[in-house]
Structures are given as C-alpha cells and as structure tokens.
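Q: Build out the structure end to end from the sequences listed, making use of the hints.
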Amino acid sequence: SQQGEEDPQALSIQEGENATMNCSYKTSINNLQWYRQNSGRGLVHLILIRSNEREKHSGRLRVTLDTSKKSSSLLITASRAADTASYFCATVETGNTPLVFGKGTRLSVIA
Amino acid sequence: DTGVSQNPRHKITKRGQNVTFRCDPISEHNRLYWYRQTLGQGPEFLTYFQNEAQLEKSRLLSDRFSAERPKGSFSTLEIQRTEQGDSAMYLCASSLLWGDEKLFFGSGTQLSVL
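Residue numbers (the numbering used here), protein chains in the order written: chain S, 1 to 111; chain V, 1 to 114.
Since the hints were derived computationally from the structure, they do not count as laboratory data. Among these hints, one or two may not hold up.
[To be verified] Sample of chain S residues facing chain V (criterion: CB under 7 angstroms; computed from the structure):
| no. | residue |
| --- | --- |
| 1 | ARG80 |
| 2 | THR84 |
| 3 | PHE88 |
| 4 | PRO98 |
| 5 | PHE101 |
| 6 | GLY102 |
| 7 | LYS103 |
[To be verified] Mimicking BS3-like on lysine-lysine, the simulated pairs with C-alpha atoms at most 30 angstroms apart in a straight line are:
| no. | chain 1 | residue 1 | chain 2 | residue 2 |
| --- | --- | --- | --- | --- |
| 8 | V | LYS102 | S | LYS56 |
| 9 | V | LYS57 | S | LYS26 |
| 10 | S | LYS103 | V | LYS11 |
| 11 | S | LYS70 | V | LYS11 |
| 12 | V | LYS14 | V | LYS57 |
| 13 | V | LYS14 | S | LYS103 |
| 14 | V | LYS57 | V | LYS11 |
| 15 | S | LYS26 | V | LYS102 |
Quick reminder that beta carbons are idealized off the backbone N, C-alpha and C, glycines included.
A: Here it is in structure tokens:
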C-alpha cells in the first residue's frame, strides 16, 4: 500500500525550540492525520485536518495541508523533553479506507 | 472505559509454532483494525472489521494469518507456522463507524520468532 513520506527521518533539538516535520503523500485524500508513538507503545492521535482545510491548531501543535503539493507539515512549538517520540502522518484516501501511515520522524528533545 | 486492550504484551515463540493475539476494542467502536510494525517503520495495514464482518485484507496477509471478530466485540489474530520474518509489533486499533476516522490504538503485542 502507498505510504506518506516524512521528512526528516530524525530530528534532534533543544528544549524550548520549535520542531517542524513534513509529510508528502501520493494520492487524493479525504483527510490527513498525525500520530505520536512513544518507544514500544501504541500510537496516539494528535490532530486531523480535512482536505478542504489549510491549517489547524491544537495547543502547541500547528498543522498545515497543501493539497496541490500533496504535503503537510506538523509544527510543535516550545518543545519539551516529553515530546520525544516518533511522529507519523497518515492519510485516508478518497473513497478508501483504512489509514495508510508514513515511516515517521523520530524527534529527540534534549533538556 | 480503559481504551483498546491487547494481550499478550510480549510473545516469544519458536519458528513453526502457532500464536494467537487478542484485542479488546473500545466498547462502542464498530471498526477494528490490525496493523503490523517493524523497527523504524510505520504501521502497515493488515485487515479490518466492521462489526463482525471482515471488510478488507492486505496483500501482506498471507494464508498463514487469520483474523476473527466473533459477535463484533473482541478480535483475535492467529499466525500459523510462524517464520522469523513475522517478528514485529502487532497493533490493534478501533474507531467509530460514523466518527471522524480517528483511530485509538492499543499498546501492541511484540512478537519474537526464534
């Protein structure tokens, strides 16, 4: 199945800095979601953005979607050590299910 | 509700043995999904159920894999004649049929085939 591609594969920043992760996908989508996964655990849903939306906020998270470029970005502001995790984008393709995940970005926030 | 529950958390088996995993979804969720994840990769879709009906199976799911969801509640995933390549984290997730397509994941079952 097709997957999104996250960029970068790994990111290391200092606490307090902002972290930006990008996701590109291949097909038309109904919505795009971001998930977080702590090591050895299940995934936790962070935010969903629909194909007719361009930007969405939730707390320290900001997600953008550019359907013409088939890309999305996730910005985490004022990062904390507890934000250390892997972040995955996932798409729901138009008229199709289920969620198709990318390979993820591993974020390390250093205190 | 305590969320999606998976058992066991870890399973070590010898090549050629059969293993079975269980998933208890959030009680009011109609849809249940199985994904497989290997180290450094994203989850790969295996199969999903809507109530008790298995609606889609990935081409990744060989005939050694079978999943059931009797009565539309808990689900089991069985792997017969395990191979070393089956070693992975098996994740279960559930969602509402008419919700916002957000998945709730369990903590997964880590399978190691020796």
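Q: If you test the structure against every hint from before, which numbers come out violated?
A: Result: hints 1, 2 and 11 break, sorted rising.
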